[in-house]
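Combine the two chains into a complex, taking the hints into account.
Residue numbers (my numbering), protein chains in the order written: chain A, 1 to 160; chain B, 161 to 360.
It is possible that some hints are incorrect.
What the hints assert, rightly or not - Restricting the straight-line Cα-Cα distance to at most 25 angstroms, the calculated cross-link-like pairs of lysine-lysine (DSS-like) are: (1) Lys115/A with Lys342/B; (2) Lys140/A with Lys333/B; (3) Lys216/B with Lys56/A; (4) Lys115/A with Lys338/B; (5) Lys115/A with Lys355/B; (6) Lys327/B with Lys115/A; (7) Lys60/A with Lys349/B.
Claimed, not checked - Restraint-style ranges between C-beta atoms, simulated for each label pair: (8) Arg47/A with Phe334/B: 33 to 41 angstroms; (9) Asp254/B with Glu110/A: 43 to 51 angstroms; (10) Lys56/A with Val211/B: 33 to 41 angstroms; (11) Lys349/B with Pro62/A: 22 to 30 angstroms; (12) Phe184/B with Glu41/A: 31 to 39 angstroms; (13) Asp52/A with Asp254/B: 30 to 38 angstroms; (14) Tyr79/A with Ile183/B: 41 to 49 angstroms; (15) Ala111/A with Asp319/B: 20 to 28 angstroms; (16) Glu234/B with Pro62/A: 38 to 46 angstroms; (17) Lys59/A with Lys247/B: 33 to 41 angstroms; (18) Thr81/A with Lys315/B: 56 to 64 angstroms; (19) Lys56/A with Glu232/B: 31 to 39 angstroms; (20) Val332/B with Thr17/A: 20 to 28 angstroms; (21) Pro314/B with Lys56/A: 25 to 33 angstroms.
Keep in mind the hints are simulated off the structure, nothing from the lab.
Each residue gets a CB set at the ideal place from its N, CA and C atoms; glycine is no exception.
Residues per chain, in single letters:
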Amino acid sequence: MSKFKSKKDTSLPAVNTASLPDIVFMLLFFFMVVTVMREDELKVENRLPQADQIEKLDKKYPISYIYVGKPTKSLEDRYGTEARLQLNDKFADISEIQAFINAERGALLEALVPKLTVSLKVDREANMGIVSDIKKELRKASAFRINYTTAAGEATGNLD
Amino acid sequence: MAKRAAPEVNAGSMADIAFLLLIFFLVTTTIPKDSGITRKLPPIEENDEDVIIKEKNIFTVLLNGKDQLLVEDELMEIEDLRAAAVKFLDNGGDGSCNYCKGAKDPKSSDNPDKAIISLKNDRLTSYKAYITVQNELVAAYNQLRNRRALEIGPKKGFDMDFIAMEKAYDDVKFTGNKTKLKEVIEQIKTEIPQKLSEVE
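Isolated chain B, as found in the complex (with noise of 0.2 angstroms):
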């Protein structure tokens, strides 16, 4: 009893916990991918149409070399932007958007496919105030596109809303049906599209 010595331990199975371990970390692991606003610059016109638009359905944000937003003329902080520009696109002045809860306020936008957003910025803005205007305006769409994702959603079976059905769209693990969910997400986009234009 006194000199009995502990017996060795098998370390035979320790290579095949640490192939196991291994095997688990490369199925989990997934490298981080680059992520950002993806924009679609427009094409060089040649013959320059004016095309007549009215001043109402334009919301004009401009920033200036010393990154401060101005809003329709008046001057605005960057925290304010995203609710201006819902107001703006949500209007629905000429009644013809069923789906707009804005205040139709007859001097705003006539309705989402003709408001147009126009961002002009200085050869002096910073780079990342420049981001955070266009990311509030992004912002803006993506909060008007989720409400109306909700509303019309769920009678057509996908309770999500509009970041989700995009997501679900690109999921290869989606089980839903996928026409279906395109016809959706297309519908919201006509619906409101995002009309972003940048002036040189």
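Only chain A is shown next, with the shape it has when bound in the complex (with noise of 0.2 angstroms):
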């Protein structure tokens, strides 16, 4: 009995936390590195439609996002709940649409011009007017590869 008793009296050792900073590293190293830098803050809603037939977008080659919505929750009361579309960090006009593409071809290496990609994130409320408008704009652009950039899942899921 004594023995026992004896054992229970003897105090823990502390636990080394001599590694405790290498696993915070380890945490932080981690997160440097999945984390996507958002190229643009986003002022419109986004939530993008569902699609099954899909392709991945090649980062090999250039791409170019515009974003459809309605203003955000926050935008609303000065830009309305209409449906706009937003180049870069802010509104734009559809008549910007042909500048800001000879802009981000201007930044680009020749070679690659041709290959730019329009990547178009819609709202799945949006309705196709203004798509319709972007499309006719990117084509006087010469801009004609497009995507429609959409979530992984069912399409008939869109409708419910």
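Okay, structure coming up:
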């Protein structure tokens, strides 16, 4: 009996915390690597529709993004609830698309210019009027490669 | 015996373990990529020449402002669109297409090369409905291409469907013969071309 008692008395040695910094650094590095910086701050609502016949958008080639949707809650007072388009990080007019595409092209190597893909990130609740206008402008700017960026999932799930 | 304290754990190798984990995550993490339906817009034609296409070779899909679907002048549910498009493309009415397995209805399309799907939408159509229709139409083409790939692929040594072929072609780790694979992909693409026209 006495044996058991004496064992209870021995206090545990303190846990060595020397490696805690390492673990913290590891986590830090992990998040540093995984985090993708959002190129543009979103000013529009952007819930993408779902589709299942999709192709990956190759980052090898340059991509320009056009966001469409109604302004976010905080901006509703100033900009209303009608769907608008966002280029870079500000609201834009349809007529600014050509200038935007030309500016994007200007930043590219010449060989990559024809490979430029325009990724249309359009909110599922937007209507096709604005999308048709954008497509017309893109045709005028000779930016023919487009990608309707979507989330992965059953397409019929969109209509619920 | 009674007073023996537990020896201190050597924590010197903890850092190594931490780095091991770090390197493991570094190697395995992939940053999520955007994906979507890629389309090519038609260039603006300066002189509009009217091309005469037979009525039976056009499959009209109309999506109105209330997201209702009208296919070949009949109301249709979105769930049935894929099957209807496949039936139209696969018809092979003039008998020149030996890989078609359709009904050979003389009132429907002649062959997949001549068959055109025409998609018209309203300004008030919602984007999600439009994407769903686009998705179903691409799915119809993919279904036929997959079927064709499984017919001709095994003879050339590629036992996979069309989607897998395209993926393998883009895969740097693919060990097979890429030039041969490219030929097969191109053959299927010319046999079943994606002719999707959008009306403004």
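Hint check results:
For the suggested pair Lys115/A and Lys342/B, the alpha carbons sit about 20 angstroms apart, so the restraint of at most 25 angstroms is met. A hinted pair counts as satisfied when its Cα atoms are at most 25 angstroms apart, and Lys140/A with Lys333/B does not qualify at roughly 39 angstroms. With a CA separation close to 35 angstroms, the supplied pair Lys216/B and Lys56/A exceeds the 25 angstroms bound. With a CA separation close to 22 angstroms, the supplied pair Lys115/A and Lys338/B stays within the 25 angstroms bound.
Among the hinted pairs, Lys115/A with Lys355/B is consistent with the structure: their alpha-carbon atoms are about 22 angstroms apart, no more than 25 angstroms. Taken as a hint, the Lys327/B and Lys115/A pair is honoured in the structure, with Cα atoms around 20 angstroms apart against an allowance of 25 angstroms. For the given pair, Lys60/A sits about 23 angstroms from Lys349/B by alpha-carbon distance, which is consistent with the 25 angstroms threshold. For the pair Arg47/A and Phe334/B, the supplied restraint of 33 to 41 angstroms holds, since their beta-carbon distance comes to about 35 angstroms.
The given range of 43 to 51 angstroms is respected by Asp254/B and Glu110/A, whose C-beta atoms sit roughly 46 angstroms from each other. Distance hint check: the CB atoms of Lys56/A and Val211/B are about 34 angstroms apart, consistent with the given range 33 to 41 angstroms. Look at Lys349/B against Pro62/A: about 25 angstroms separates their beta carbons, and that is inside 22 to 30 angstroms. In this structure the hint that Phe184/B and Glu41/A lie 31 to 39 angstroms apart at CB holds, the actual value being about 33 angstroms.
The hinted range of 30 to 38 angstroms is satisfied by Asp52/A and Asp254/B, whose Cβ atoms lie roughly 33 angstroms apart. Checking the proposed 41 to 49 angstroms range against Tyr79/A and Ile183/B shows it holds: the Cβ atoms sit about 47 angstroms from each other. In this structure, Ala111/A and Asp319/B break the distance hint of 20 to 28 angstroms, their C-beta atoms being roughly 37 angstroms apart. At roughly 43 angstroms, the beta carbons of Glu234/B and Pro62/A sit within the given window of 38 to 46 angstroms.
For the pair Lys59/A and Lys247/B, the beta carbons lie near 38 angstroms from each other, so the given range of 33 to 41 angstroms is met. Separated by about 58 angstroms at the C-beta atoms, Thr81/A and Lys315/B satisfy the suggested range of 56 to 64 angstroms. The hinted window of 31 to 39 angstroms between Lys56/A and Glu232/B holds, with their beta carbons roughly 34 angstroms apart. Distance hint for Val332/B and Thr17/A: a CB-CB separation of about 44 angstroms, inconsistent with the stated range 20 to 28 angstroms.
Checked against the hint of 25 to 33 angstroms, the pair Pro314/B and Lys56/A passes, with Cβ atoms roughly 26 angstroms apart.
Consistency with the previously given hints fails for numbers 2, 3, 15, 20, ordered from lowest to highest.
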